[in-house]
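These protein sequences, in sequence, are chains A, B and C. For the first sequence, our numbering assigns the number 1 to the initial residue and increments by one for each residue that follows. For the second sequence, our numbering assigns the number 283 to the initial residue and increments by one for each residue that follows. For the third sequence, our numbering assigns the number 666 to the initial residue and increments by one for each residue that follows.
Since the hints were derived computationally from the structure, they do not count as laboratory data. From the three backbone atoms N, C-alpha and C, an ideal C-beta is built for every residue, glycine too. Just to be clear, a hint being listed does not mean it is correct.
Claimed, not checked - Distance condition first, Cα-Cα at most 30 Å in a straight line; then the derived DSS-like pairs of lysine-lysine:
#1 LYS171/A x LYS517/B
#2 LYS290/B x LYS171/A
#3 LYS550/B x LYS119/A
#4 LYS923/C x LYS550/B
#5 LYS625/B x LYS119/A
#6 LYS171/A x LYS94/A
#7 LYS830/C x LYS417/B
#8 LYS923/C x LYS379/B
#9 LYS417/B x LYS805/C
#10 LYS923/C x LYS840/C
#11 LYS417/B x LYS94/A
#12 LYS94/A x LYS923/C
#13 LYS119/A x LYS923/C
#14 LYS517/B x LYS840/C
#15 LYS315/B x LYS119/A
#16 LYS197/A x LYS289/B
#17 LYS751/C x LYS625/B
#18 LYS517/B x LYS315/B
#19 LYS517/B x LYS119/A
#20 LYS136/A x LYS517/B
#21 LYS136/A x LYS290/B
#22 LYS751/C x LYS105/A
#23 LYS291/B x LYS171/A
#24 LYS315/B x LYS171/A
#25 LYS105/A x LYS290/B
#26 LYS751/C x LYS550/B
#27 LYS550/B x LYS840/C
#28 LYS517/B x LYS751/C
#29 LYS136/A x LYS289/B
#30 LYS94/A x LYS517/B
Unchecked claim - If you want the footprint, here are the derived chain B segments under chain A, 3+ residues with CB under 8 Å:
#31 434–441
#32 476–489
Below, each chain spelled out in residue letters.
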Amino acid sequence: MSDQVLRMEDVTMQFGGVVAVNNLSLEVNRGEIVALIGPNGAGKTTAFNCITGVYEPTNGLVYYEGNLIVANHPSGKMKNAYQGMNSEKYLSIKPIDPTPDHITKLGIARTFQNIRLWKSMTVFENVLTAKHMRAKQNVFTATFRLNAAEERRMREETLALLEEQNLLQFKDDLATSLPYGLQRRLEIARALATEPKLLLLDEPAAGMNPQETEELGQFIVQIKNKYDLTIFMIEHHMDLVMRFSDRIYVIDFGRLIATGTPSEVQANPKVIEAYLGVAEDE
Amino acid sequence: MKLKNEKKKDALCTLIAIAVMLVVLLVMELTMKSTSILFTILKKGMIYALVAVSMNLLNGFTGLFSLGQAGFMLIGAYTYAIFSMPTTVKLGDTVYKYYDCVISLELGILPALLLAGIFAAVFAALIGLPVLRLKSDYLAIATLGFAEILRAFFQWDAMGPVTNGANVLRQYKDLTKVKIPFTDITFPPTLFCFLIAGFCIAIIVLLINSSYGRAFKAIRDDEIAAEAMGINLFKHKEMSFVISSFFAGISGALLAMFQYTVQAAQFKTAMTYEILLIVVIGGIGSITGSCIASFLFIACNEWWLRFLDESSNNILGLNILRSGFRKVVFSIIIMIIVLFFSKGIMGEREFSWAGARAFFRDPFGLVSKRKKTTVSEEVSGDV
Amino acid sequence: MSFLQNSLPYILAGISVGGQYALIAIGYTMVYGILRLINFAHGDVFMAAGMFMVFLSASMPLGAAIPLVLLLTVLLGFLIERAAYKPLRSAPRMSVMISAIGVSYLIQNCALYFTGGLAKVYPQLPWLSDTVTIFGAVTKRVTLITPILTIILVVGLSLFIRYTKVGIAMRAVSKDFETARLMGIKVNSVISATFIIGSLLAAVGSLLYFTNYASVTPTSGGMPGLKCFVAAVFGGIGSIPGAVIGAFIIGIAENIIKGLGWTTFSDAFTFALLIVILLVKPTGLFGEKATDKV
Numbered sequence: 001m002s003d004q005v006l007r008m009e010d011v012t013m014q015f016g017g018v019v020a021v022n023n024l025s026l027e028v029n030r031g032e033i034v035a036l037i038g039p040n041g042a043g044k045t046t047a048f049n050c051i052t053g054v055y056e057p058t059n060g061l062v063y064y065e066g067n068l069i070v071a072n073h074p075s076g077k078m079k080n081a082y083q084g085m086n087s088e089k090y091l092s093i094k095p096i097d098p099t100p101d102h103i104t105k106l107g108i109a110r111t112f113q114n115i116r117l118w119k120s121m122t123v124f125e126n127v128l129t130a131k132h133m134r135a136k137q138n139v140f141t142a143t144f145r146l147n148a149a150e151e152r153r154m155r156e157e158t159l160a161l162l163e164e165q166n167l168l169q170f171k172d173d174l175a176t177s178l179p180y181g182l183q184r185r186l187e188i189a190r191a192l193a194t195e196p197k198l199l200l201l202d203e204p205a206a207g208m209n210p211q212e213t214e215e216l217g218q219f220i221v222q223i224k225n226k227y228d229l230t231i232f233m234i235e236h237h238m239d240l241v242m243r244f245s246d247r248i249y250v251i252d253f254g255r256l257i258a259t260g261t262p263s264e265v266q267a268n269p270k271v272i273e274a275y276l277g278v279a280e281d282e
Numbered sequence: 283m284k285l286k287n288e289k290k291k292d293a294l295c296t297l298i299a300i301a302v303m304l305v306v307l308l309v310m311e312l313t314m315k316s317t318s319i320l321f322t323i324l325k326k327g328m329i330y331a332l333v334a335v336s337m338n339l340l341n342g343f344t345g346l347f348s349l350g351q352a353g354f355m356l357i358g359a360y361t362y363a364i365f366s367m368p369t370t371v372k373l374g375d376t377v378y379k380y381y382d383c384v385i386s387l388e389l390g391i392l393p394a395l396l397l398a399g400i401f402a403a404v405f406a407a408l409i410g411l412p413v414l415r416l417k418s419d420y421l422a423i424a425t426l427g428f429a430e431i432l433r434a435f436f437q438w439d440a441m442g443p444v445t446n447g448a449n450v451l452r453q454y455k456d457l458t459k460v461k462i463p464f465t466d467i468t469f470p471p472t473l474f475c476f477l478i479a480g481f482c483i484a485i486i487v488l489l490i491n492s493s494y495g496r497a498f499k500a501i502r503d504d505e506i507a508a509e510a511m512g513i514n515l516f517k518h519k520e521m522s523f524v525i526s527s528f529f530a531g532i533s534g535a536l537l538a539m540f541q542y543t544v545q546a547a548q549f550k551t552a553m554t555y556e557i558l559l560i561v562v563i564g565g566i567g568s569i570t571g572s573c574i575a576s577f578l579f580i581a582c583n584e585w586w587l588r589f590l591d592e593s594s595n596n597i598l599g600l601n602i603l604r605s606g607f608r609k610v611v612f613s614i615i616i617m618i619i620v621l622f623f624s625k626g627i628m629g630e631r632e633f634s635w636a637g638a639r640a641f642f643r644d645p646f647g648l649v650s651k652r653k654k655t656t657v658s659e660e661v662s663g664d665v
Numbered sequence: 666m667s668f669l670q671n672s673l674p675y676i677l678a679g680i681s682v683g684g685q686y687a688l689i690a691i692g693y694t695m696v697y698g699i700l701r702l703i704n705f706a707h708g709d710v711f712m713a714a715g716m717f718m719v720f721l722s723a724s725m726p727l728g729a730a731i732p733l734v735l736l737l738t739v740l741l742g743f744l745i746e747r748a749a750y751k752p753l754r755s756a757p758r759m760s761v762m763i764s765a766i767g768v769s770y771l772i773q774n775c776a777l778y779f780t781g782g783l784a785k786v787y788p789q790l791p792w793l794s795d796t797v798t799i800f801g802a803v804t805k806r807v808t809l810i811t812p813i814l815t816i817i818l819v820v821g822l823s824l825f826i827r828y829t830k831v832g833i834a835m836r837a838v839s840k841d842f843e844t845a846r847l848m849g850i851k852v853n854s855v856i857s858a859t860f861i862i863g864s865l866l867a868a869v870g871s872l873l874y875f876t877n878y879a880s881v882t883p884t885s886g887g888m889p890g891l892k893c894f895v896a897a898v899f900g901g902i903g904s905i906p907g908a909v910i911g912a913f914i915i916g917i918a919e920n921i922i923k924g925l926g927w928t929t930f931s932d933a934f935t936f937a938l939l940i941v942i943l944l945v946k947p948t949g950l951f952g953e954k955a956t957d958k959v
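So that you can see chain A by itself, here it is in the shape it has in the complex (with noise of 0.2 Å):
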């Protein structure tokens, strides 16, 4: 097996007149730590969205471990739509259009930059019901509790994560009840739960203090090792992407300007114009 988790091929998703990501190809290797850094509105969140099905891109494909999860070429309407690159050559591909459980179901989870905890639920709750997943149970078992050993497993694999996460006091209080910082760490046990290999993150340390980003960083580090991860984070705050990535793509206008390692794309002239504009403009 090659040691890429995640290729993107190309990706373009066109919303009516914008062309939010374009012609974007990049690739996530192994037990890395990449970023994806861009200024506001430069097409991150809908690169994620593409990925996990919740968006069915323009154009492009996207491989998971070597095998085509998304393919899309334009159809139908989506015909007079910008098509990007090298797109007569996707025509011949069967277009795969999958929903976001699915891809989940393959190993990859995600969390959500403005967070989606569910909020009737308890902390415990919360993750418990991302296990339901991978539960060896059909609804009939599962209601006249024939399932009892595997529930009992589920149980106990949460209150776990939850133990290692430091969430264990917080789990009967409802998940929306815990100050923002722990919300985003129960966001990231939650995806755990869902037994991934490759983790998104998207904006994991918005709203965070310099110390809380760096034991953010040093947390996502640890579970990386600890589950064998790869992670892929979109991300802000420059310090903690500086300090804990591997390489790091830097994307504008949805287009992919810069890549590399943090020292080579902190030097990189394009990046710099990018965040601060052109000297002209002031």
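With chain A fixed as given, assemble chains B and C onto it according to the hints.
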């Protein structure tokens, strides 16, 4: 492991409470006049409790705003009536006056009840395929539409050989025809309603507290997050829809048994609205609430507020009290609940022994406000 | 010729009913456009207008009764919004919809109380109720007046929404409730205005509708109400021309089905149409598409 003991104790309490209730019911039925209004309330209340709980499974726990309940009850009621009707009646002229009934099969009471649920579930599975892709209010109006189409279909002339057209179905096995097995003694009808409907509600409660119930709640809280955590939206919505319809079908069949006659014209949109209001009064997302509310609703409707309809009760020469006033008062009460007590009787809480004990120690939080918050937490936590 | 003579009454009736439906459907579509609420009580407001007419015409000349009916209906619509929807402005959409169902239940039960459950005979409106003969088909004059009156009212309404200050505010609120509020638009007044216009049109629709049907019952608002909502969805909810076209299509189709002898299915057809349109083009004929942001 103290918690486990507590749970076992609570389970024992529940079993004892249910047994006591059934025994009391049995004694009442054996000693009191069977025509008493109390039995009517209990029977109808229990049947409505089942359909309200089934609607709550869909609207309260899965977050699907569906208004098709009357349609599924219609299927259940007709399936039961047609299949439990003795063959001699079907071939005779008393019921099928204008048609020749084409269904010669006659089933016992329990198989017919089961079939009623299955037919409703199959129909739900079919319409669920297209309809469940719709969002909130569109789903509501589409399910409402299907229920109306169904009603027209059952009254259609060409369906006459099966449904007797727009005419009444009767002489099928009603509640008085339930016998104690291997004897010819009539089974106490109220007890029968409680056993069947109670059994169905128990299954729904078990489902809601299972892993699938949690998945339903996840869909209700946040569809996008649920899908991202690997919960297949369509599969789970369809499951909830089919199961809810299955039990709505059974409650329709029980209603047919209770009423002695059944006619498609009865299963109007207004019926769905009534069930929805019961669910709201009880608290959307609370099984206990739905059960309490349906008994209250039926009791008010059929009994406690009856005096408002009697013009002989007027005082001071005012002619306010007359037929229909009860319904006006009743709908005003409902509006007050909807507007000012939108959580209903129970909110999202359920009955629990811990909650009940705390309630009796400190009813309505009179002793201390703070204590009451811990009570409600206990109640909601211990599901 | 005989085909025309046979089918003409149905088509005429269809156009007429379509016009009446259009007047009601506008109320649905405007309220949905602004509050994203299916106003289940709107059909009952329409029925209440019929009841007002029955009771008022018994005690005063029609010349006084008709304006009073319009006024009372508008007042009813206004009060419903203030009492049952305004307090729930920040509540989930499901609660508001339930409140609407509750109001519908209340109005029907009040009507039941005041009529004693009996169908009330609708007064004969002179001139409108007169019979006329057109191409050999005999019909009431109201059949011919309805489409004309409908079109005049719709054009008037469109101009109102396009050019007046209130109309512009309505469009702003329907595009973005919160931003409109932040821009200093008095959202509550705009919503009241919407209900007032909707109820006024429903009252006019009720005058025309019941002249054709001769009697009012407490439940006679239910079915037309739902059908008009379907018309609004069919045309693309939020769009006034859409609602009008949808209403005419449903009115005509329904009467053609009656003409074919399938009366049982005339109601069911409407819902079948609804389900088909929701599955094929959920936004209706003229609706706009909205996407969820993740």
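These are the hints, each one checked on the structure:
1. LYS171/A x LYS517/B: Holds, because 29 Å separates the two Cα atoms, which is no more than 30 Å.
2. LYS290/B x LYS171/A: Status holds; Cα separation ~22 Å.
3. LYS550/B x LYS119/A: violated (36 Å)
4. LYS923/C x LYS550/B: Roughly 21 Å separates the two Cα atoms, so the pair holds.
5. LYS625/B x LYS119/A: Satisfied, since the Cα-Cα distance of roughly 16 Å is no more than 30 Å.
6. LYS171/A x LYS94/A: violated (45 Å)
7. LYS830/C x LYS417/B: violated (33 Å)
8. LYS923/C x LYS379/B: holds (26 Å)
9. LYS417/B x LYS805/C: violated (42 Å)
10. LYS923/C x LYS840/C: With Cα atoms ~39 Å apart, LYS923/C and LYS840/C exceed 30 Å; violated.
11. LYS417/B x LYS94/A: Roughly 29 Å between the alpha carbons, so the hint for LYS417/B and LYS94/A holds.
12. LYS94/A x LYS923/C: With Cα atoms ~48 Å apart, LYS94/A and LYS923/C exceed 30 Å; violated.
13. LYS119/A x LYS923/C: violated (51 Å)
14. LYS517/B x LYS840/C: violated (34 Å)
15. LYS315/B x LYS119/A: violated (50 Å)
16. LYS197/A x LYS289/B: violated (38 Å)
17. LYS751/C x LYS625/B: holds (18 Å)
18. LYS517/B x LYS315/B: Violated, because 49 Å separates the two Cα atoms, which is more than 30 Å.
19. LYS517/B x LYS119/A: holds (22 Å)
20. LYS136/A x LYS517/B: Between LYS136/A and LYS517/B the Cα gap is close to 16 Å, so the pair holds against 30 Å.
21. LYS136/A x LYS290/B: holds (26 Å)
22. LYS751/C x LYS105/A: The given pair, whose Cα atoms are some 44 Å apart, is violated under the 30 Å limit.
23. LYS291/B x LYS171/A: Holds, at about 23 Å.
24. LYS315/B x LYS171/A: violated (53 Å)
25. LYS105/A x LYS290/B: violated (36 Å)
26. LYS751/C x LYS550/B: holds (29 Å)
27. LYS550/B x LYS840/C: The given pair, whose Cα atoms are some 35 Å apart, is violated under the 30 Å limit.
28. LYS517/B x LYS751/C: Not satisfied, since the Cα-Cα distance of roughly 37 Å exceeds 30 Å.
29. LYS136/A x LYS289/B: Holds, at about 25 Å.
30. LYS94/A x LYS517/B: holds (25 Å)
31. 434–441: Violated - the region 434–441 of chain B has 0 residues with a Cβ nearer than 8 Å to chain A, which falls short of three.
32. 476–489: holds (count 3)
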